[in-house]
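Peer 1: Spelled out, the chains give:
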Amino acid sequence: MTSLPLLQNALSVGAILFVLGLVGILTRRNLIVMFLSAELMLQGVSVSLVAWSRFHGDWGGQVLVIFILTVAACEAAIALVFVLQAFARTGRLDAAAWQSLRESSLSRVVDQQLPSIDTLPPVWPTLSPAGVLPQADENETLQREHV
Amino acid sequence: MNPALFSPGLLLASAVTLTALGLWLLLPRGSENRSAWWLGWLLGAVALAGFVCAGKRLGGIGEEAVFLTVSLVAIVSGTATIVSRSPVYSAIWFALSLAGVAGVLLVLGAQFLGVATIVVYAGAILVMFLFVLMLAQPSGLASYDRVSSEPLLSAVTGAVLLGLLTLSIGRLSVGPATPEPLALASAASDSPATSSHAAAIDSLVKNHVARLGGELFGRHLLAVEAAGVLLLVALIGSIAIVSRGEPDVVDHSLDLQPLTATKQSQGGRR
Chain A
4 MTSLPLLQNA
14 LSVGAILFVL
24 GLVGILTRRN
34 LIVMFLSAEL
44 MLQGVSVSLV
54 AWSRFHGDWG
64 GQVLVIFILT
74 VAACEAAIAL
84 VFVLQAFART
94 GRLDAAAWQS
104 LRESSLSRVV
114 DQQLPSIDTL
124 PPVWPTLSPA
134 GVLPQADENE
144 TLQREHV
Chain B
9 MNPALFSPGL
19 LLASAVTLTA
29 LGLWLLLPRG
39 SENRSAWWLG
49 WLLGAVALAG
59 FVCAGKRLGG
69 IGEEAVFLTV
79 SLVAIVSGTA
89 TIVSRSPVYS
99 AIWFALSLAG
109 VAGVLLVLGA
119 QFLGVATIVV
129 YAGAILVMFL
139 FVLMLAQPSG
149 LASYDRVSSE
159 PLLSAVTGAV
169 LLGLLTLSIG
179 RLSVGPATPE
189 PLALASAASD
199 SPATSSHAAA
209 IDSLVKNHVA
219 RLGGELFGRH
229 LLAVEAAGVL
239 LLVALIGSIA
249 IVSRGEPDVV
259 DHSLDLQPLT
269 ATKQSQGGRR
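Those protein sequence lines, which keep their order, are chains A and B. Per the working numbering: the first sequence ends with 150, consecutive numbering throughout. Per the working numbering: the second sequence ends with 278, consecutive numbering throughout.
These are calculated hints, taken from the structure and not from any lab test. Using N, Cα and C, we set each Cβ at its ideal position, and we do this for glycine too. A portion of the hints provided could be inaccurate.
Said to hold, decoys possible - Computed from the model, here is a short list of chain B residues facing chain A with C-beta under 8 Å:
hint, residue
1, I90
2, A132
3, S156
4, V217
5, L220
Just chain A, with the same shape it has in the complex:
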């Protein structure tokens, strides 16, 4: 593959990852998922930087991505500590739990009434309870040689 289509492909992938992270950080309300989305945006930027580095044939983009990795590690450490502290204060990982910090002109987030979880109940493997003798099937026991 020549260098320009490769550059375009990689830039497209980077753009898609960045947009996915953007949508995630805008919509999701779980603080941890929001940080995962931020990391997704960083991934998109990293792919773009490496693509440009490859296209220009110099090391600048790759070196920058190494520093992105460093800053992302620091950011994750600090942010997760803050998330834990926030969870200890409110008992939930909800970003909207801190909406009293919003501008006074903005309307508050009102939780809609959620329907009860209508997903199918989990199907567990059926086991006979411990300590209870399983029902013996006479036909089967006759055909067994020995157990």
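Given the structure of chain A, go ahead and fit chain B onto it with the hints provided.
Peer 2: Below, chain B alone, put in the same frame as chain A:
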């Protein structure tokens, strides 16, 4: 067939619309509907194909099997990261997305970064996320994981941004015979033509790690020192924050229901 029907602009527009619609269908909106879920994935797949076709029409986005595979892994699992209802599944999907990104980096010739992404992100950062989830996640699906704030507006915003980016990326080759970025680069370094360019790309691949290390600790030594200080500060800072002891006594009865009418009375305080 009518060629106007398949003009790249129209294709791009419909791909943008389908992306927005698919993302909106996939994002949690309070009501779980399996058919909407599958329809969202289907629309997303069609939109992705539309983006590929539109990019091809716009400027010949080529294909290579390995690159397509790893980028598809990265994109699909990235989508699953942001639409999963359970944050644990989000984290696991994010790990798969990291694997895809590492593959893309390897295809691009950044061998060290591909491995470092796996080691640092999937090995360290993601495990940290999972630990925090274990510490903080309430059992079962929380209500705030089942709804999202402004899913339609955000999906439209993201899709439009993606369309604009695809447009500009596709335009990269439509320009003059020598692509502009290359012209800029060669003008900046006063090096002629593409033969030196190919040689430069070769030099990126040969002796990769050694040369990357030389660049990192040669030209960027000061930045490396700054990054080290940053890591140290982050380490000390996170320990200091977390070891300040238990937070003040929390009135959970107040905080656990901040979204209901009981807090309306406090509006006057602000």
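Peer 1: None of the hints should be skipped; say for each whether it holds.
Peer 2: How the hints compare with the structure:
no.	hint	in the structure
1	I90	3 Å, holds
2	A132	7 Å, holds
3	S156	4 Å, holds
4	V217	11 Å, violated
5	L220	6 Å, holds
Going down the numbered hints, you'll see the structure goes against just number 4.
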